[in-house]
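> Place chain P on chain G using the hints.
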Amino acid sequence: MQLIGSLVAALAIIAVTIAVVTSQLGPYKEDTEAREQRQEQQEERLEQQEEQREEAEDGRED
Amino acid sequence: MEDFVVDITRGNPSSVKTILASVVLALAVYQLLLAAIGYRKLPVGKPEPAFFTHRASGDMLAVLIVVVALMCLSVFGFDGDYMLHMVAAIGALLVLAVKIAVVRSGRGGRFLPYLGTLLFLLLAITWFTVAPEFLAGEDD
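From first to last, the protein sequence lines stand for chains G and P. Counted the way full-length UniProt numbering counts, the first sequence spans residues 1 to 62. Counted the way full-length UniProt numbering counts, the second sequence spans residues 1 to 140.
Chain G on its own, in the form it takes in the complex (with noise of 0.2 angstroms):
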């Protein structure tokens, strides 16, 4: 009996945690943040590119 209690409690507490977290986060933030921080590192990579491509181009103009 005092086994199926501490089970139910353990059960509980996941429980309560995932409802916690999913109410102060929302339901798939991690996958969205992580998602955002690729496009933005994409993004970046694109700008670095673009600038040493005109570096690159004003060089050889000079």
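Everything labelled a hint here was simulated from the structure, so no lab data went into it. Don't be surprised by glycine CBs; every beta carbon is placed ideally from N, CA and C. Check each hint, because a few of them may be wrong.
[As the list claims (entries may be wrong)] Here are a few chain P residues that face chain G, going by a calculated C-beta distance under 8 angstroms: (1) Val5; (2) Arg10; (3) Ser15; (4) Val16; (5) Ile19; (6) Leu20; (7) Leu25; (8) Ala26; (9) Val29; (10) Thr53; (11) Ala56; (12) Met60; (13) Val103; (14) Ser105; (15) Glu133.
Then chain P, alone, in the frame of chain G:
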């Protein structure tokens, strides 16, 4: 398994895992205090109810530890960047298994305080090697 964990945590496995691991550590401190009362190292309360609560809370803690370990393994696997975290976690699971075996067999009871202390230390190392970094937002 990974999809199941991601679905059940509604897409926030790292956050749920970190919060559950923090609950585990807080309960481990509580367990330590209960054991200290049970073994009369703390002069408060009575040993019998302290041991009863230690046992009941310990069963709950064992379930939480296994759930957190499964979540961690299924989502992150064995990551070489967190070697100490991995070693401490595997050690904690082994010590937990030995402790449960000793309690169930009813023999070797004199080793329980040492096993309990070792389990607490390993859980603390497991938590401190990942959770603070994540909670500080450095490991999203």
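> Is the interface hint satisfied for P:Leu20? The criterion is a beta-carbon contact with chain G at less than 8 angstroms.
holds, 5 angstroms
> With chain G as the partner, please determine if P:Ser15 meets the hint condition of a C-beta pair closer than 8 angstroms.
Constraint on P:Ser15 satisfied, holds at 5 angstroms.
> Tell me if the interface restraint on P:Ala26 is satisfied: Cβ within less than 8 angstroms of some Cβ in chain G.
violated, 11 angstroms
> Could you check if P:Val16 really has its C-beta closer than 8 angstroms to a C-beta on chain G?
holds, 5 angstroms
> Once the shortest beta carbon distance from P:Met60 to chain G is found, is it less than 8 angstroms?
holds, 4 angstroms
> Answer holds if the nearest beta-carbon of chain G is closer than 8 angstroms to that of P:Ser105; otherwise answer violated.
Status violated, d = 17 angstroms.
> Given P:Ala56 was flagged as interface, is its beta-carbon under 8 angstroms from a beta-carbon of chain G?
Holds, about 5 angstroms.
> Once the shortest beta carbon distance from P:Val29 to chain G is found, is it less than 8 angstroms?
violated, 16 angstroms
> Does P:Leu25 pass the interface check with chain G, least Cβ-Cβ distance below 8 angstroms?
Not OK, violated: P:Leu25 not within 8 angstroms of chain G, min 13 angstroms.
> Any CB of chain G closer than 8 angstroms to the CB of P:Arg10?
Cβ of P:Arg10 sits 4 angstroms from chain G, so the hint holds.
> Please verify that hint: P:Thr53, Cβ, nearest Cβ of chain G, below 8 angstroms or not.
Constraint on P:Thr53 not satisfied, violated at 10 angstroms.
> Taking the closest Cβ pair, is P:Ile19 under 8 angstroms from chain G?
At about 5 angstroms, which falls below the 8 angstroms cut-off, the nearest Cβ of chain G leaves the hint on P:Ile19 intact, so it holds.
In summary, the structure is inconsistent with hints 1, 7, 8, 9, 10, 13, 14 and 15 from the numbered list given earlier, while agreeing with the others.
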